[in-house]
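Colleague: Residue-level listing of the chains:
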Amino acid sequence: MPAGEAFSERQQQDVVRAIRLAQQQSQLPVSVYVGTLEGDSRATALQLHGALGDDAPQTVLVAVDPGARRVEVVTGSEVRRRLDDRAAGLAAMTMTSAFQAGDLSGGIASGVLALAEHAHAPRSLHTDTP
Amino acid sequence: MLPVTLRRLLASTVCTAGLVLATAAPALATNKTDDGDDPGPGLSVIETLLWFVVLPAGLFVVIAILATLPSMSRGPRYRPGLGWWAAPVWFNGPDDADSAVRTATATTGGGGASARW
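Those protein sequence lines, which keep their order, are chains D and H. Going letter by letter, the first sequence gives residues 74 to 203 in this note's numbering. Going letter by letter, the second sequence gives residues -12 to 104 in this note's numbering.
Each hint should be verified, as a subset may be incorrect.
Claimed, not checked - Covered, in the sense of this in silico footprint (three residues per stretch, anywhere, with C-beta under 8 Å from a C-beta of chain H), are these stretches of chain D: (1) 100 to 109; (2) 147 to 155; (3) 159 to 165.
Because the hints were derived from the structure by calculation, they are not lab data. Heads up, the beta-carbon is just placed ideally off N, CA and C, and yes, glycines get one too.
Using the sequences provided together with the hints, build the complete structure.
Modeller: See the structure below:
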């Protein structure tokens, strides 16, 4: 395989836009990693999620390994309360169905949007009581 | 002994050439012109090569380039099962990803999902 960029300019913009929409509409910080997940892919994804530092508990990491054909969704301990594992699984399935057709960036974008869709709005005090 | 593929190729080439010559023989046999024929000056060897070899080959090359140009300009694209070649990309990731990953402790108490395709 020849070396090259993972995404074209336009594909990159699609992914960035999806991440921005998730942030704006659901206040859901999403981080997307595309590359090889060496060794145990789940453990590597957890390590990558840990690398997000102080933001990690509130952040969702989507890690995609196109070579090994694996996708890992990692939700931080806090964001997990509004994005349960079932919703993460649904988003992962949304992504894999696009990946099967060879659409990497489109799959990531729709997966991120699916995550945002499922994330409940964070509960704020006083505003949702009459 | 030649490989089978090469022998077959040779045999089919010889057969085709023979068949063409055999069917064209009546036309080649005579120098007489029919009534109303008005043959112009013949082509020189160079001209013949130009019209019947260089021009078709050139057209072939031009069309082939035109056909592959769009996919070449787009670069390699992901196809399931053909591996992955690009450097890792991290959207919305840490600023210094390498050292961040090396010094990080894996997340515990989180959730999520795994899938493969």
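Colleague: All hints, please: hold or fail.
Modeller: Structure-based check of each hint:
1. 100 to 109: Coverage by chain H holds for the stretch 100 to 109 of chain D (8 residues, Cβ < 8 Å).
2. 147 to 155: holds (count 5)
3. 159 to 165: With 4 residues closer than 8 Å to chain H, the stretch 159 to 165 of chain D meets the three-residue bar; holds.
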